[in-house]
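Taken in order, these protein sequences are the chains called A and B.
Residue numbers for the first sequence follow this note's numbering, beginning at 1 and rising by one.
Residue numbers for the second sequence follow this note's numbering, beginning at 458 and rising by one.
There's no promise every hint is true.
[What the hints assert, rightly or not] Beta-carbon label-pair distances, calculated as ranges: (1) B:M799 - A:S262: 34 to 40 Å; (2) A:S262 - B:L742: 36 to 42 Å; (3) B:M799 - A:N70: 31 to 37 Å.
Rather than coming from a laboratory, the hints here were simulated on the basis of the structure.
Yeah, the Cβ is synthetic: ideal placement off N, Cα and C, and Gly gets one too.
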Amino acid sequence: MSTVNQDTHNTDSQSRKQQQLETLKSIVVDALSEAQNQGATACDASISKSHGFSVTARMGEVETIEHDRNQGLGVTVYIGQKKGNASTSDLSPKAVKETVAAACAIARYATEDPFAGLPDADKLAKQIADLDLCHPWSIEPQQAIDIALQCESTALMYDPAITNSEGATLSTHSGAQVLGNSLGFLEGFWTSNHSVSCCVIGERDGAMQRDYWYTVARDQSDLDSAQSVGVETAKRTLRRLGSRSLSPRQCPVLFVPEVARSLIGNFIGAISGGSLYRKNTFLLDSLGQTVFPEFMRIHQQPLLAKALGSAPCDAEGVATQTHDIVNAGVVNNYVLSSYSARKLGMQTTGNAGGTYNLTVEPGQQDLNQLIKTMNTGFIVLELIGQGVNMMTGDYSRGAAGLWVENGEIAHPVEEVTIAGNLKDIFKQITAVGNDVDYASSIRTGSILVENMVLAGS
Amino acid sequence: MDEISLLTTAQQTILTPADIQQSDIDRLMGELCATQVDAADIYFQSTRHESWSLEDGIVKEGSFNIEQGAGVRAISGEKTGFAYTDELNVNALLEAAHSARAIARSGQQHSHKVVYPKQPISLYSADDPLLSLPTEDKITLLQRIDRETRALDPRIEQVMVSLVGVHETIVIATHDGLVSGDVRPLIRMNISVIIEQNGRREKGGHGGGARTDYSYFLEQDRAMEYAREALRQADVAMQAEPAPAGNMTVVLGPGWPGILLHEAIGHGLEGDFNRKGTSAFSGRLGEKVASPLCTIVDDGTLEKRRGSLNIDDEGTPTESTVLIENGILKEYMQDTMNARLMGMRPTGNGRRESYSHRPMPRMTNTYMLAGESEPEEIIASVQSGIYARNFGGGQVDITSGKFVFTANEAYLIENGKITKPVKGATLIGNGPDVLTRVSMVGNDLELDSGVGTCGKEGQSVPVGVGQPTMKIDGMTIGGTQV
Chain A
1 MSTVNQDTHN TDSQSRKQQQ LETLKSIVVD ALSEAQNQGA TACDASISKS
51 HGFSVTARMG EVETIEHDRN QGLGVTVYIG QKKGNASTSD LSPKAVKETV
101 AAACAIARYA TEDPFAGLPD ADKLAKQIAD LDLCHPWSIE PQQAIDIALQ
151 CESTALMYDP AITNSEGATL STHSGAQVLG NSLGFLEGFW TSNHSVSCCV
201 IGERDGAMQR DYWYTVARDQ SDLDSAQSVG VETAKRTLRR LGSRSLSPRQ
251 CPVLFVPEVA RSLIGNFIGA ISGGSLYRKN TFLLDSLGQT VFPEFMRIHQ
301 QPLLAKALGS APCDAEGVAT QTHDIVNAGV VNNYVLSSYS ARKLGMQTTG
351 NAGGTYNLTV EPGQQDLNQL IKTMNTGFIV LELIGQGVNM MTGDYSRGAA
401 GLWVENGEIA HPVEEVTIAG NLKDIFKQIT AVGNDVDYAS SIRTGSILVE
451 NMVLAGS
Chain B
458 MDEISLLTTA QQTILTPADI QQSDIDRLMG ELCATQVDAA DIYFQSTRHE
508 SWSLEDGIVK EGSFNIEQGA GVRAISGEKT GFAYTDELNV NALLEAAHSA
558 RAIARSGQQH SHKVVYPKQP ISLYSADDPL LSLPTEDKIT LLQRIDRETR
608 ALDPRIEQVM VSLVGVHETI VIATHDGLVS GDVRPLIRMN ISVIIEQNGR
658 REKGGHGGGA RTDYSYFLEQ DRAMEYAREA LRQADVAMQA EPAPAGNMTV
708 VLGPGWPGIL LHEAIGHGLE GDFNRKGTSA FSGRLGEKVA SPLCTIVDDG
758 TLEKRRGSLN IDDEGTPTES TVLIENGILK EYMQDTMNAR LMGMRPTGNG
808 RRESYSHRPM PRMTNTYMLA GESEPEEIIA SVQSGIYARN FGGGQVDITS
858 GKFVFTANEA YLIENGKITK PVKGATLIGN GPDVLTRVSM VGNDLELDSG
908 VGTCGKEGQS VPVGVGQPTM KIDGMTIGGT QV
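Build the full structure now, drawing on both the sequences and the hints.
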């Protein structure tokens, strides 16, 4: 979708971006020195600022144009071992001063926490690698509307059974993040994010189904075409027409990448510092334990150029780590911030603020081969509801998808639940597909689970 | 606080410090309506928010934030232009107005004359709840809850308490000259406990809130009621056995299980989906969508309730709207845009998360009216089924009508008696027909304790739900025992 050439503006926009970053850095520095003046013994401050717009076209007409401009300053102060936070959307010197005062007031009332504090200085990122994360899209709303219209009309015209639409949306945003602390850390970087998404409705025998598809990238030239998003949206909606429920049974379950990543997300939640030190996890003391089958590897790669989950440092300024979280099925690393690490008597893993580009090592088979391997079972296309108990691992969620018999798709399925316990589900993974979806910070192919309980009527 | 002074308070809170006069609003509205717009509004908002949290026996941290800004919207037919600014000055607002009005073609100008509508009686105090308790007392309260909760049961490993207060002030100016304001308090407390017994750990949580001040948690020993309830739920979970899988008769308890109504039919009755024809309830006004035992309302006028509002975020006074009466679909929930496009009336359901979000039709407090059955009689009528007493969240696909909600406290009913507790499980059903299978409705209507938050298209708003005990002849239970 390279409709706009922006190379000629590059140098200009580079220096303008650099200038804006310096302005934001100076506000962070002011906030830090104000905090120290007001009695903070340590502090950090961060600013995020973004702008952009989104347009939605529906039934061949523009429906909404939304212009976004967000900014926010967050300040954390420590008075000894006591901590306070405050934030504001107003970056004026007066507001910065008041925000710092609010954070200090809270810290004075908080209780001493021996584990509170900034990260250890030697853990902070030494240099901020340029990960090529910002590619602003110089596109006017009218061009964006044209792309959204094209996307939606491709989906609407794909098949007469497509009868209605929730519309197609193009969204483009760029923004800066700046982080500083009283240990002398002061860094910032720009990111951008562009997407085209579409959702249409199909109808058969009076019953409606909807599905959606999208493309998202840091650089608009990496987006899939609007037409291909439209075609994929239509195909996804059509394959759900004629859905029905199933009687209760035990069967293999194949999670397509869009839902497979939620399983990996559940795992990450269970080995995250907050869950571990609160003992609110079914994977307590799992470091060094076998949680997955031996062929499973989950790898974190925070420094991939242009990737959606890349970041040079975490939310505390700690250098992000390239390492295995799971290797040969064994938990190699937890997901920790400085605070949760101290609570556990460990070292931070640079995951304050989450994980960065997790890749589940792909296997050999594509989705079709996995369907053949499964032979008879349920393909999950969509999960709804929460239904995961992180304390026990008990899992019970609403699902829609496809029933497979003898390696062939038999019919679409809706109004069923799938249930099990995540500890068993992880152990019973028999294959990971090579159909990796890169449009996420969790990159996985389809995941085949040997056995779950499906309920329906 | 009387009507005029509520608006005056709101104006003094937001507009006066920013030096924005009525003449500035007139000028902005003039710019916004310089194109062929059908409707336009400017929404000024200022929010003060604080939270305090306790775990490991100490008040580890608190946070405070102030957000203010204005959202500017222009509507032409089904098209909406929207822009916002967090800088409250005339230039930033003019820029936003120019961005928003670009949705409409240039054309004649609307006349603009200021009108102050008569506001409804205030449902809540305009006082700032953040100031209702000295900071020391907030800390002491959390510490006391921790101490007293831990004393309740030696199996308690962890107690987590959070306390949140919000004070929101809004001023809304619309294209037809209406200027209205509201000042909205909101407080919430949540308590969770983790208990451990013979190596098994379970969690329970409970909480409550209202549009009032923090003294609410001290009255009627409410805070410790939440703690005891959290512990009771953890204790039930400790004894729970795997839940069955399949279609069964389900009896839902009173109160919070009303999220069934919110998911199964509430979202499907919001005006935007029905205007677009994307809801499983589209075009079904006047049809039978539930058993004659079911009458369901959305009521934004309940005093101090979490989902209540004096006026919605478009300035329309809230009301009690009958959605389903004796099983017949009566009315959709509307904001002004969808009401106009559908030739219906606005029902005071135009809500938005903040100035930086567009309004859309949203629920307030949605509940089913009481029926005539005794709750005991309902349980006794079930040979084999599930009694679901407490729920986590829910979700709905409004197009297919399929919805889920997750029971986190449930029991088997065997031969008319509640027997053993079963593990949490998701229940799934079809919105348009689940209520046709309601065969008994209790006389014990309860509203929830004030903890609901509803998400739609990325926007969160506080809501309430409620219902009496209710029997449904057949829903799918997503347990593990086939």
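Here is how each hint holds up against the structure:
1. In this structure the supplied range 34 to 40 Å holds for M799 (chain B) paired with S262 (chain A), their Cβ-Cβ distance being about 36 Å.
2. Checked against the hint of 36 to 42 Å, the C-beta distance between S262 (chain A) and L742 (chain B) comes to roughly 37 Å, which is consistent with it.
3. Distance hint for M799 (chain B) and N70 (chain A): a CB-CB separation of about 33 Å, consistent with the stated range 31 to 37 Å.
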